[in-house]
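A.B. asks: Chain by chain, the residues:
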Amino acid sequence: MTDRNIIELRGVEKRYGTFLAASGINLDLKEGEFFSLLGPSGCGKTTVLRMIAGFQEPTEGTVLIDGQDMEGVPANNRPTNMVFQSYAIFPHLNVGNNVAYGLRGKAPKAEIEQRVAEALEMVELGGLQDRGASELSGGQRQRVALARALIMRPKVLLLDEPLSALDKKLREQMQFEMRNLQQSLGITFVMVTHDQYEAMTMSDRIGVMFNGRLKQVDTPTTLYARPCDQQVASFIGEMNILPAQLLGETDNMLSIDAAAFGRIEIERNPNVATSSKDMNIGIRPEQLEIAAEKPEDYPSTVQGTVSNVAFYGENIHYHIQVEGAEKPISVSVPNYFHTVDFKRGDAVWLGLQGASVIDLGTDTK
Amino acid sequence: MIFRSEASRGYTLSAPATAYVGFLVAAPLVILIAYSFWTQTYVTLDKTPTLKNYSEAFADPLVRHLMLRSIWIAGAVTVVTVALAYPIAYFIAMKVRKKTIWLLLITIPFWSSYLLRVFAWKLILGFNGVMNSALLMLGLIDEPLDFLLYNEFAVVLTLAHAWAPFAILPIYVSLQKIDPSLLEAATDLGNSPLQRFMRVTLPLTIPGIIAACLIIFIPTVGDYVTPALVGGSDGKMIANLIQVQFGAANNWPLGATLSLIAMLSVGFVAIVFVITATRLGRRIR
Ligand SMILES: Nc1ncnc2c1ncn2[C@@H]1O[C@H](COP(=O)(O)OP(=O)(O)OP(=O)(O)O)[C@@H](O)[C@H]1O
Ligand SMILES: [Mg+2]
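For the record, the sequence lines run as chains A and B.
If you count the first sequence from 1, position 35 lands on 35 in the numbering used here, and the numbers rise without skipping.
If you count the second sequence from 1, position 236 lands on 601 in the numbering used here, and the numbers rise without skipping.
These aren't lab readings, by the way, just hints derived from the structure by calculation.
Hints are supplied without guarantee of correctness; some may be wrong.
Chain B regions said to be covered by chain A (calculated; three or more residues, Cβ under 8 angstroms) [what the hints assert, rightly or not]: (1) 540-547; (2) 551-560; (3) 563-577.
Where a beta carbon is used, it is the ideal one built from N, C-alpha and C, also for glycine.
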């Protein structure tokens, strides 16, 4: 990754009639970055991607690619290529001709053939040139689409939910492969997804969108630890959100009264604002300690009852009903051999450390 | 077991239709073939098998001439119709929202009889017809044009108009089936709209184009109403000659022979066309 901006969106807005599909989008993407646009269905991710590709013109604002204003530049003249959600493999062409499509007439035949062979090798489809388009599995179609776009050596590769049509196993494998490919090629990838795990495992940075607005742009770890509001907090991973009272504050720390959990010192989250005594805190399910006896070394402990147990394989999720809390609190425990094993109705203790509590500020809505 | 009973049920269900169609195609064909080996001797039919009709037909320059002209006219009608139909089909499939209404509008010519439409063209193209009157009135010509009617041009024009909907529909269907993301992918890979059309849209609509061509070409070769009404003497086609054999000339065996020759020629041209078009389509990449 370099420090040079390859894509800049400046106050970009897209209206369909009176409907605002995207608005106020400001975004700088670095050369060689793997960037993901994450958000729920219909929030405008595809719209933003298509404005970069040139399939849609913004109604306001500018799109710059490599420093150049893209206004009026049609999609076929932009230094971007796209992997479509449906893959859009040309059904009348075999694999080799699909991959060679964009190079035809632009390079000598021998060179095209060599580059096609290399591109197919790169996506691990070496030697499949003569395979018909209809004879490919879902995963192979995805790879052909990837090779067809990458052979153009784009400055930016755009991917619209490239893995959503694959089953879970293949999807996880492709996530790693695509990430490795991106790093070895050094091309900027912009991927649209509504799968937070996909976004987190693959991306250098993630932009979270809601209702046409870009809410937060950060690295996966920052997004997870310092979300900018409740909406982002509950979209990225699971989160217990609890009301709290602000008691006192210093530059970096807040002293709060967290209802059932009592008084705790927590770190201030620079991404949110706390404008009154009423505020919210977030606690990740895996940050809570659960034990049969009152746990030592925790500044805050609370007693509760197990109301639900869900077994996930690598970890176990408990719902704990706590006195003074509206909703049960989610706790997730790694499934070590024989460590914890609670049943519904068991009385348990929860332990909490101030460092595990996320300051979500005062909700401004 | 289930498979077998399903299959046999299928055969049983389609048996009446198969028998009906088979009988209606096979019986006349058998009669036609039989007739072509017989001879007409004034009023009686000589049923000794002979190849005389065939040698006569092949030797007659008029037969060859009319056959070639029929194929040429039908070919011209096909080319003109498909060339005009494609943009219309494209417009409906790609550019408009209320497709049903447009498709309905296209079938409007069928709401009147074919004969009426041919006569309408006679009125339009005739010496004192609409076209000539209009051109005279506008002062574009000093005397009526006489090359509008009673020639090949009139036949092609009339038939192209009559067949247009049959060409539009199969092409429309094949255009309609194209996934829009394929077109976006072509653009994304650097194609201008024209290149994209030539490399994606056209090859994907070749089945529709072939269907349209066959639907028009095959019946048109054998058309005799249109040439008889608007073709004049140099617009006559093979079917007009066949009609004469079954009518005025009262030579059914020769008529049967000519029919068979026409059928085989059409079949040959159609097969060559389908193979060539498919091959050409495969070469586009
Ligand atoms: N051509 C269009 N005309 C009108 N509205 C549109 C058009 N395209 C998209 N929209 C609307 O814009 C909003 C954003 O659409 P977009 O396709 O960007 O969503 P998305 O975030 O990609 O969703 P998904 O995850 O379901 O693909 C949606 O509410 C959609 O209905
Ligand atoms: Mg989308």
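A.B. asks: Each hint needs a verdict: does it hold in this structure or not?
C.D. replies: Against the structure, the hints come out as follows:
1. Chain A is given as covering the segment 540-547 of chain B, and this holds because 3 residues of the stretch bring a CB closer than 8 angstroms to a CB of that chain, at least three being needed.
2. Here's how the segment 551-560 of chain B fares: 7 of its residues keep a CB closer than 8 angstroms to some CB of chain A, so the rule of at least three is met and the hint holds.
3. As drawn, the segment 563-577 of chain B meets chain A at 4 residues by the rule of a beta-carbon pair under 8 angstroms; at three or more, the given contact holds.
Comparing the model with each numbered hint stated earlier shows that all of them hold.
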